[in-house]
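S.K.: Build the full structure now, drawing on both the sequences and the hints.
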Amino acid sequence: MRDPRSSWASPWLSGSIPVLVLAALPALLFVGVLLYFTLWAVVFSFTDLELFGRKATDWSFVGIENYERLFTRRGFLESLWTTLTFTFFSAIVGQSVLGFLLASTLRRYRGSMRGTIEVCLMLGWLLPDIVAAFLWSATTSKTGLVNQVILGPLGVEPVNFLNDYALQVVILANIWKGTAWSYLLYSAALDNVPGEVVEAAKVDGANGWQRTRRVILPIIKPHIGTNMLFITIWTFTYFPLIYAMTGGGPGSQTETLPIFLYQQSFSVGKLGYGSAISVAMLAIVGVMSIFYLRLLKEPK
Amino acid sequence: MADLALKGVRKAFGGLEVIKGVDLDIRDGEFVVFVGPSGCGKSTLLRMIAGLETVTGGEVSIGGKVMNGVPAPRRGISMVFQSYALYPHMSVRENMSFGLQIAGMDKAETTRRVEAAAEILQIGDYLDRAPRALSGGQRQRVAIGRAIVREPEVFLFDEPLSNLDAALRGQTRVEIARLHARLGTTMIYVTHDQTEAMTLADRIVVLRGGRVEQVGTPLELYRAPANDFVAGFIGGHTMNFLSPEQGRALLAGTGGAVPAGAKIIGVRPEHLRLAEPGAPGLTGRIDVVEEFGEFGLYHLTLDEAPEGHREITLKSDAEGLGGEGAQITLTCRPEAIHAFDDKGAALAAGSPAGAGRADRPSEETRHVR
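As they're listed, the protein sequences go chains A and B.
Mapping of the first sequence onto our numbering: position 105 corresponds to residue 105, and the numbering continues sequentially without gaps.
Mapping of the second sequence onto our numbering: position 200 corresponds to residue 200, and the numbering continues sequentially without gaps.
Just so you know, these hints were derived from the structure itself, not from any lab.
If you're wondering where the values come from, they're calculated on a predicted model, not measured in any experiment.
You may find that some hints are simply not true.
[As the list claims (entries may be wrong)] Part of the chain B face toward chain A, derived, beta carbon under 10 Å:
no., residue
1, PHE81
2, GLN82
3, LEU86
4, MET90
5, ALA103
6, ALA147
7, PHE292
8, GLY296
[As the list claims (entries may be wrong)] Pair by pair, the computed Cβ-Cβ distance ranges are:
no., chain 1, residue 1, chain 2, residue 2, range
9, A, ALA188, B, ASP128, 29 to 39 Å
10, A, VAL119, B, ARG132, 36 to 46 Å
11, A, LEU20, B, ALA177, 57 to 67 Å
12, B, GLY57, A, PRO158, 53 to 63 Å
13, A, ALA188, B, GLU17, 48 to 58 Å
14, B, THR238, A, SER104, 41 to 51 Å
15, A, VAL43, B, ALA133, 44 to 54 Å
16, B, ALA133, A, PRO128, 42 to 52 Å
17, B, GLN171, A, GLY195, 23 to 33 Å
18, A, GLY195, B, ALA177, 20 to 30 Å
19, A, TYR165, B, ARG10, 52 to 62 Å
20, B, ARG132, A, PRO128, 39 to 49 Å
21, A, ILE284, B, SER38, 55 to 65 Å
Here a beta-carbon is modelled for each residue, glycine too, at the ideal position from N, C-alpha and C.
M.R.: Below you can see the structure in the form of structure tokens.
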């Protein structure tokens with residue numbers, strides 16, 4: 001005799017229908033709100049709605065014109081490429097690899113050095129984006145710390161890094177800002193690797209690199225997947241730091257999709273086109289998430 | 001195969017010294033068990049032999065070569081860990097081949113060795129399963145298999161049975177003994193369980209607080225413990241410790257005497273007997289009887305006993321001892337007495353220590369009974 005409800009309802013709720021309904025209400029409301037906003041974006045992506053002027057009130061459906069523009073007009077594909085570069089180097093290579101290296105190195109140490117480095121990492125993470133952006137701009141400007149303290153004494157002409165190496169500086173800034181998260185997550189993951197398993201590999205003759213690649217990394221693979229999922233989504237949609245540092249410039253060198261979306265929607269005022277960009281971003285992030293979720297799955 | 005020597009081996013973690021100078025010679029092919037309570041340093045000592053802990057002082061040598069600075073894989077050792085430490089993402093076969101693969105052994109030889117080990121351990125059927133699909137006992141075999149395929153000079157076991165249930169533990173114990181008989185390799189085995197030590201060892205090393213308390217064959221340790229600690233630790237049922245007066249009372253009807261200078265008298269539960277009716281002895285009342293079938297354990301409270309010496313345990317298969325609440329009188333043979341001085345060191349008992357104790361057939365026969 002199986003209660004049909006038991007297949008989906010949590011057992012301590014399924015006993016009483018009123019409790020079940022009551023417990024489900026906030027969740028339903030939340031899902032509803034989420035769907036409402038997403039639908040709003042999807043619907044407007046098929047319109048020529050604008051922020052100002054006549055089309056702000058008198059808009060009409062234009063079919064898939066906005067989506068065609070994504071591929072035919074300059075802007076979107078370039079911005080997508082910038083975003084992918086930014087995400088790949090700052091999140092996947094920078095934060096994740098650096099975070100893992102720090103976590104695996106520092107776990108051997110106890111005490112003040114580890115504490116100091118952890119506090120420094122956290123400071124980057126906790127500092128408000130706008131403050132961080134200002135600090136990075138000031139440090140890398142023509143009269144900033146890097147030029148004054150490092151390049152000047154070496155006899156090198158002052159360089160305006162934010163002008164000449166904008167994307168590189170923004171990537172570095174985001175690595176500095178976000179590594180703490182990867183560090184924390186990988187530290188926790190490495191705590192879950194049994195010490196005796198690593199020692200067994202040591203006795204088996206595996207050197208540090210072999211132990212890492214063939215024993216430790218496979219064991220923490222689900223954690224790597226989780227981390228990649230988070231930091232890819234965050235970095236892909238990351239707005240304030242870049243916007244405050246460069247505003248997407250110079251030119252459109254650092255114009256990642258969120259900035260492109262913001263410019264198109266609120267500077268240019270094309271809300272319909274902006275909606276199409278956001279729906280496209282949603283699709284891209286969704287595809288990447290599916291890829292990482294497959295990593296998370298335990299093998300059979 | 002190789003012999004192994006420890007010379008003045010010391011280990012300190014920061015300022016805390018956990019191994020305080022251990023000297024030990026282990027012969028080629030010998031099965032040596034390190035036994036002691038938790039925190040005695042037995043696992044640390046094993047890990048130092050394995051090369052997983054650095055040596056703070058002294059020398060560890062295997063096969064005549066000093067191994068202090070040599071990394072674990074080049075010491076010719078294999079280790080079986082308490083948690084089995086199987087690689088969770090690899091199949092049984094991959095677990096066993098991993099070390100050989102790292103060493104660059106060719107595929108055919110690797111396969112041959114893995115299959116030979118699987119045959120010995122009867123795990124051939126699970127070679128392609130993941131460790132998580134195996135029971136505790138099966139995992140244990142895989143861990144041993146992984147150690148075997150490396151064909152080491154010395155096997156190291158770190159409490160390998162402590163995660164198994166009692167029935168499986170007994171069975172695996174016998175299998176490890178068989179494995180030793182079959183391979184003839186030097187084995188060092190760490191345990192806190194004196195039964196494993198007694199049943200497996202050629203020689204037992206009893207450790208306490210980072211020092212060796214005694215080294216000897218199981219029977220030597222059972223018959224002639226060097227001090228009260230070893231006496232209390234070795235033996236299936238914990239030795240009774242009595243005051244000298246109680247010892248004299250126990251021996252009153254036998255003509256035996258408590259050695260001069262004795263502060264503590266030890267007597268094993270299996271060596272106590274019921275006194276003849278009317279004969280003198282140590283009297284007490286039975287509180288609890290634990291009936292095991294082939295024998296019973298009688299826990300008594302002694303009459304007029306000093307603090308700390310109120311209770312005594314008797315192991316007997318005699319019938320008619322009486323149930324709970326019965327008043328009985330105990331005695332024992334003078335040779336079965338262990339006497340210890342105020343520092344706990346063993347004194348010559350009814351007969352001289354050493355040779356005298358080694359040939360005490362009566363004890364042996366009663367023990368085997």
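S.K.: Could you run down the list of hints and mark each one as holding or not?
M.R.: Now the hints, each set against the structure:
| no. | hint | verdict |
| --- | --- | --- |
| 1 | PHE81 | holds, 4 Å |
| 2 | GLN82 | holds, 7 Å |
| 3 | LEU86 | holds, 7 Å |
| 4 | MET90 | holds, 8 Å |
| 5 | ALA103 | holds, 6 Å |
| 6 | ALA147 | holds, 9 Å |
| 7 | PHE292 | violated, 36 Å |
| 8 | GLY296 | violated, 41 Å |
| 9 | A:ALA188 to B:ASP128: 29 to 39 Å | holds, 32 Å |
| 10 | A:VAL119 to B:ARG132: 36 to 46 Å | holds, 39 Å |
| 11 | A:LEU20 to B:ALA177: 57 to 67 Å | holds, 60 Å |
| 12 | B:GLY57 to A:PRO158: 53 to 63 Å | holds, 58 Å |
| 13 | A:ALA188 to B:GLU17: 48 to 58 Å | violated, 33 Å |
| 14 | B:THR238 to A:SER104: 41 to 51 Å | holds, 47 Å |
| 15 | A:VAL43 to B:ALA133: 44 to 54 Å | holds, 50 Å |
| 16 | B:ALA133 to A:PRO128: 42 to 52 Å | holds, 50 Å |
| 17 | B:GLN171 to A:GLY195: 23 to 33 Å | holds, 28 Å |
| 18 | A:GLY195 to B:ALA177: 20 to 30 Å | holds, 29 Å |
| 19 | A:TYR165 to B:ARG10: 52 to 62 Å | holds, 56 Å |
| 20 | B:ARG132 to A:PRO128: 39 to 49 Å | holds, 45 Å |
| 21 | A:ILE284 to B:SER38: 55 to 65 Å | holds, 56 Å |
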